[in-house]
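Asker: Chains as they are written, first to last, in the working numbering: chain E, 212 to 644; chain B, 212 to 644; chain V, 212 to 644; chain P, 212 to 644.
In case anyone wonders, no lab produced these hints; they're calculated from the structure. One should not assume that every hint holds.
Identical copies carry no separate label here, and so any pair may be met within one copy or between two of them.
Claimed, not checked - Here are the simulated DSBU-like cross-link-like pairs (lysine-lysine), alpha carbons at most 30 Å apart as the crow flies: (1) Lys553 <-> Lys592; (2) Lys337 <-> Lys623; (3) Lys278 <-> Lys336; (4) Lys377 <-> Lys343; (5) Lys623 <-> Lys377; (6) Lys615 <-> Lys257; (7) Lys632 <-> Lys412; (8) Lys615 <-> Lys376; (9) Lys623 <-> Lys553; (10) Lys330 <-> Lys278; (11) Lys336 <-> Lys599; (12) Lys377 <-> Lys412; (13) Lys384 <-> Lys343; (14) Lys553 <-> Lys336; (15) Lys615 <-> Lys337; (16) Lys599 <-> Lys278.
Protein chains: 4
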Amino acid sequence: MIPRYTRPDMAAIWEANNKFRIMLEVETLAAEAMEQNGTIPQGVSKALRERGNFNAARIDEIERDVKHDVIAFLTNVAEYVGEEARFMHQGMTSSDVLDTTFAVQLTQSADILLTDLDKVLAALKKRVLEHKDTICIGRSHGIHAEPTTFGVKLAGHYAAFARAKKRLQDAKKEVAVCAISGAVGTYATVPPEIESYVAEKLGLTPETVSTQVIPRDRHAMFFAVMGVIASSIENLAIEIRHLQRTEVREAEEFFSEKQKGSSAMPHKRNPILTENLTGLARMVRSAVIPAMENVALWHERDISHSSVERFIAPDTTVALDFALGRMANVIENLLVYPDRMKSNLDRMGGLVFSQRTLLALTQNGISREDAYRIVQRSAMKVWESDGKVSLRDMLEQDTDVTSKLDKSALDKIFDLSVYTKHAGTIIDRALAS
Amino acid sequence: MIPRYTRPDMAAIWEANNKFRIMLEVETLAAEAMEQNGTIPQGVSKALRERGNFNAARIDEIERDVKHDVIAFLTNVAEYVGEEARFMHQGMTSSDVLDTTFAVQLTQSADILLTDLDKVLAALKKRVLEHKDTICIGRSHGIHAEPTTFGVKLAGHYAAFARAKKRLQDAKKEVAVCAISGAVGTYATVPPEIESYVAEKLGLTPETVSTQVIPRDRHAMFFAVMGVIASSIENLAIEIRHLQRTEVREAEEFFSEKQKGSSAMPHKRNPILTENLTGLARMVRSAVIPAMENVALWHERDISHSSVERFIAPDTTVALDFALGRMANVIENLLVYPDRMKSNLDRMGGLVFSQRTLLALTQNGISREDAYRIVQRSAMKVWESDGKVSLRDMLEQDTDVTSKLDKSALDKIFDLSVYTKHAGTIIDRALAS
Amino acid sequence: MIPRYTRPDMAAIWEANNKFRIMLEVETLAAEAMEQNGTIPQGVSKALRERGNFNAARIDEIERDVKHDVIAFLTNVAEYVGEEARFMHQGMTSSDVLDTTFAVQLTQSADILLTDLDKVLAALKKRVLEHKDTICIGRSHGIHAEPTTFGVKLAGHYAAFARAKKRLQDAKKEVAVCAISGAVGTYATVPPEIESYVAEKLGLTPETVSTQVIPRDRHAMFFAVMGVIASSIENLAIEIRHLQRTEVREAEEFFSEKQKGSSAMPHKRNPILTENLTGLARMVRSAVIPAMENVALWHERDISHSSVERFIAPDTTVALDFALGRMANVIENLLVYPDRMKSNLDRMGGLVFSQRTLLALTQNGISREDAYRIVQRSAMKVWESDGKVSLRDMLEQDTDVTSKLDKSALDKIFDLSVYTKHAGTIIDRALAS
Amino acid sequence: MIPRYTRPDMAAIWEANNKFRIMLEVETLAAEAMEQNGTIPQGVSKALRERGNFNAARIDEIERDVKHDVIAFLTNVAEYVGEEARFMHQGMTSSDVLDTTFAVQLTQSADILLTDLDKVLAALKKRVLEHKDTICIGRSHGIHAEPTTFGVKLAGHYAAFARAKKRLQDAKKEVAVCAISGAVGTYATVPPEIESYVAEKLGLTPETVSTQVIPRDRHAMFFAVMGVIASSIENLAIEIRHLQRTEVREAEEFFSEKQKGSSAMPHKRNPILTENLTGLARMVRSAVIPAMENVALWHERDISHSSVERFIAPDTTVALDFALGRMANVIENLLVYPDRMKSNLDRMGGLVFSQRTLLALTQNGISREDAYRIVQRSAMKVWESDGKVSLRDMLEQDTDVTSKLDKSALDKIFDLSVYTKHAGTIIDRALAS
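Chain E with its partners taken away, still in its complex shape:
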């Protein structure tokens, strides 16, 4: 959690106080269930509700002695609650409260990330509709291919983030589990009813088999999904970085009045937000392998996952939250230059119509191979002229072409509208996804 890339709501989830608050709630709910069950005396949960409290600094102090975080927490809570505290946590093991608390924190962060995704989707939707018919060149391999619309381009990213949302909803379910099963998960000292009660109150599902800890394949999925989402962020970030290149300049990140692009070169407007998102994507992805390495704990559990999660849970959710927020802003405020898109499209001398010419020739009885060669010889001249010669002119000078395609046939080929006629269909499909 680096302040620069941290937003307060997500950060709050990972603060010690939120963690201890949830831990206290878990203990209190467990006490309620145990009272109902008759394993502890009435009044314990009431005492916990009324006097239950904690002090993070004091917990740290105790932990330095006992070297055990949950014992330190329980000791501190007991200092507030008094007598009844000795029935708290009865038959439970540390992981019961830690893993259930972690589950709550992860679902809290998933909720923020889902809201973030909605904002990215909303920003994209707005720009998709705005630029539904804004013609621009589509590029494969960085090379002009055929025209498309800027709306369609963004619609592809919309669909990717819609998939991201679906995946995160599933991943949230994976981690939204509660485990209160006692040492090595046998329920020997805490019957399954306690777990069911606490789970229901917290909106979680009881873990199928918890072996003391919640199995880490669940968390591995959660971090893997964040890694995939980050990769979709990178994908869109790189699109924008490309569009902002000096030679392309079809779009630009919004550049505020006071902003300085370079300490040395006052003219610079750099796509620093999307470059930053490219880097953050690498960071979010970097948690995936450690999270997977955490799965193979020894026997019923070891604690090697703990230090990893202390890093990656806050760092990854915070960085992804920041990244999604930044991406929503970038899209919302993106400066789009349709004129520039049009002039880039035009500068290649109509090369983009080469495939349509090829098809028309084959439909007029020329073999695919011959048609390819015929079109390629004109196309290469246009290419080498850097667009100063036009493809249409070249084709009109080639009798292999003109013997098959007259002027009106060529008019039909050199018609941009064909590239946009399905834009509506594509966009509708994307926005419905």
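Using the hints, position chains B, V and P against chain E.
Answerer: Below, chains B, V and P alone, put in the same frame as chain E:
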């Protein structure tokens, strides 16, 4: 694909002939749809169905010239089909056929992996039920904790593989998509109906927005899920490796008559299968980051993902198929030693009952902290004696204990059945998952 | 940087104040060189030395406006220095000061890590010498193999950390470079002499070709080396975790008086320090791929590496520093149980002598294959008896053995000293490495 | 090893026959040393030299029975050698021959990779010298910054590959070690002299402490270095992909006569080689983490590293060899368009001189902040005009500028030669690195 770790069915999916067969089917189906649509003459698909063929070696030869794999394929098919071939692939782009073919291959491999998972689940289920009540020590941090049953232990892994199956089913859906949308995905030269027809015939869903290629976040999810499954394999493999350690020896991989454990030490029986699975898990995981790096293709597509997928698609699915098959065998044939489990359990002098003692003391009016200290001072003596002194003896010599707990109270504490009473519940829950 | 895993000296390197202090020094040294060079008036560096100062909070405040960290810094310094400040940074670009500062920070952290490695080496050396002749069983695949000494075991780790030190020294040299070459690295506005001067004063080497930024393959090597060192830490941590297993208990992490192993089970002594080190190793390794992804910056530079480095530089060096410090303590205070090592060694009924028997038989005219079979049939009985039957007894009942090996020959075979006779050589070699 | 990305020399290193050939050599050399030592009878090594042979298919057949690769190999060799074979491998363990053989294979592949690097360096050097003074725009953030030369651009990559070579030489030394130390590495059954002899004959160094296997931190370093080299390949590949973009087109991969860029669009010339290199870089990097995970083997060794290395050793060295070979060709044949570089440079209306103007203003008594604002207001107009308005014209209309800088001062500022004056120095430094 290393022969040693390759099984024929999965390997067959990735052979050139399977790929070309699917490509030919995609082209033929597309031709059928185009005939219905009237964009190509009748008879093309019939010609493809009747004479459509290919020769992998010849395709290689052509590719060396044209340096383009799909053109080489189409040229070769045309050599078989003749005249009608010029209408094949009309308006389509290479990715239409390549990505759709890849989708078919991935769903084929997902189907094999799902069957593999069923076998692992079946093997686990059998052993879970067999050892439902086989008492063994549960271990946290590699240290004896409290008793559990071997059936419960395996049930945890059953539940993990049940989750694995669910995830793989979802991941299969993610990649089971068809894209036939032409250059940069505008459908300018091939209307959406063609795609819908081919998709339906192949059991795929049309891609929402394909931008020429199927977006790689889908594949990233697929590889991420395989990485998580591999981590669950590692988890079980490490459990078995631990159980087979000389000092533990609660279970062993099956060791065949002729097998030699060591070229130097004839007495050795090594858990080499599960060690091998540990390594294979690392390999399957290693595809996850490259698959995520593949997402951020430039603009409508670049081809950087291609070399990555040529490696990871066969290598990862083949290795995971092999690993799941090996794991099913390991579990099926695992030698389990209940006597040894019992004797390991016993050797710690009853330390496993320490928590129950602690609870009983707190329930008899002693504060948790005091109870902890009382039990710990006895427990430490037992521990230091290496189990030669028993916890029960120590407790009976401690008046702080005996003043609260009489013989019958201690009898109730030192009762193993408490650790197994919920085994049935846990196992039922797992097997139903 | 998580307080729990952070030591103050390493943390101080990454604090804003240390960074700004180095930045100011770079600017001041550059000013000195420029004065000597005549490109700026005399007195600027003196002003910087005398009045040069900064305030981190104020810099943040300015950055919020200008959205550029170096401009914010320079503006703030100018507020302290006054008039002369306008000659500061002349012809330089932000990366000149940022990358050179980062180089200083990395070398500072490398120095701490090298000291940490020395402490690990010293702790290991002490225990190696102490346990030079402490016999224990060597294990391959977790299975008893042949005897070795605990000193030799640790000597292997000593050698690994000696290699770690060598690698880190090399990696430090890789990053100990200075770049002051102006925009896109042409020295157009700041001649190479400035860079040489600053480099020399800071103990750095001028970058060969800096293209505005110091190329990130250098940093990738640095993080890769930390990843390898972390893996060596994991290796030793896992050794200790294995030795501390209840059934093995040949060594234990030191357990302090007040420490509590478990909130539920008072008897537990868990190897939590080395489990923690296992997790920290995963974290240190997780920086390696992002650091490598940082290498391929666009053209002369982009800023995607920056966010990555803001995370991984502090997090990785801090975590590795903590891990090395913890490892030195663990080794220093490790409880070693030679009696237990001896009793573990003995419990396998002398199986460890199987290979020596095999060799003796082959040296007495029996083919290797036959000898293997002869020894294996006895060895398997011993194994199956769980060490209750001894290998020597079995062999003495086998006429295929006794026809070749008499009692004195068997005495010579069943002699532990053979496994320790080279311990001194091995250890001397390790300690000299 | 995918045929498409495999070159024969590197592939040959990893063929079974090469492996068995080295294994036989290790056994033969060990036999020579043992004869000299008197531990085995004279004549064994002679028999091995004269009749020693193997058959890979037969070894596979035996392995299916004994499930142990080295025993299978030894059995097969004995079938050729006869009687004397029983003294072969005496006192050695499988890893002695396997790990030493692997060391030889890795050094062989390092030698090929070093030759590959020399070819990349030679190709770069040639083009660096050719384009020493070819002016082109330098870009930061994808945005025009200041001019540089194409030779300087390439010189940066030259320096990176020179560093790569140095690192690979070091990494080769790391793995060029020999271990013949017997079970768990005690030399109990094979004295250190055997190891020294074999090591010397094979050009290797004896391992410091081998614990049966050569410690895997050495191999981790080797794979990490390949990962860094791959990242430098990616860096140069991405530079070329950028330069080849339609709008930039300052350089292009060589495009052969018969090559087809697209099945659909005949005009396309795509940077497919460098896109391919981008993907291969991801693959080479993917071996780094598994290689690091291999370090923490259990106790004296387990075999989890083996399956990993069966994949990554051939795949990574073969892919990197192919990638370096391809990169050398790409550079050798790269089409460079100096005219296009010049016209790209010119199209920004002289914005590149903004920094020099800024400096000149500060040197004429204007504060840095004021100068920045003055230059920026002109620069922004030029930028917004898309280069149709020139910076010089704008500045000449600004009295804040003209009051400080007269025509001759501006002439001096707007002089391209300043950006190339140090090109020679930079290039000389790079080529000497």
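Asker: Next step is simple, just say for each hint if it's right about the structure.
Answerer: Going down the list of hints, with the structure as the test:
no.	hint	result
1	Lys553 <-> Lys592	both (22 Å within a copy, 22 Å between copies)
2	Lys337 <-> Lys623	neither (33 Å within a copy, 49 Å between copies)
3	Lys278 <-> Lys336	between (52 Å within a copy, 28 Å between copies)
4	Lys377 <-> Lys343	within (25 Å within a copy, 38 Å between copies)
5	Lys623 <-> Lys377	neither (42 Å within a copy, 51 Å between copies)
6	Lys615 <-> Lys257	between (91 Å within a copy, 27 Å between copies)
7	Lys632 <-> Lys412	between (53 Å within a copy, 26 Å between copies)
8	Lys615 <-> Lys376	neither (51 Å within a copy, 57 Å between copies)
9	Lys623 <-> Lys553	within (20 Å within a copy, 38 Å between copies)
10	Lys330 <-> Lys278	between (43 Å within a copy, 24 Å between copies)
11	Lys336 <-> Lys599	neither (37 Å within a copy, 34 Å between copies)
12	Lys377 <-> Lys412	both (25 Å within a copy, 26 Å between copies)
13	Lys384 <-> Lys343	between (35 Å within a copy, 29 Å between copies)
14	Lys553 <-> Lys336	within (22 Å within a copy, 40 Å between copies)
15	Lys615 <-> Lys337	neither (45 Å within a copy, 49 Å between copies)
16	Lys599 <-> Lys278	between (76 Å within a copy, 28 Å between copies)
Checked against the numbered hints given earlier, this structure breaks hints 2, 5, 8, 11, 15; the rest are met.
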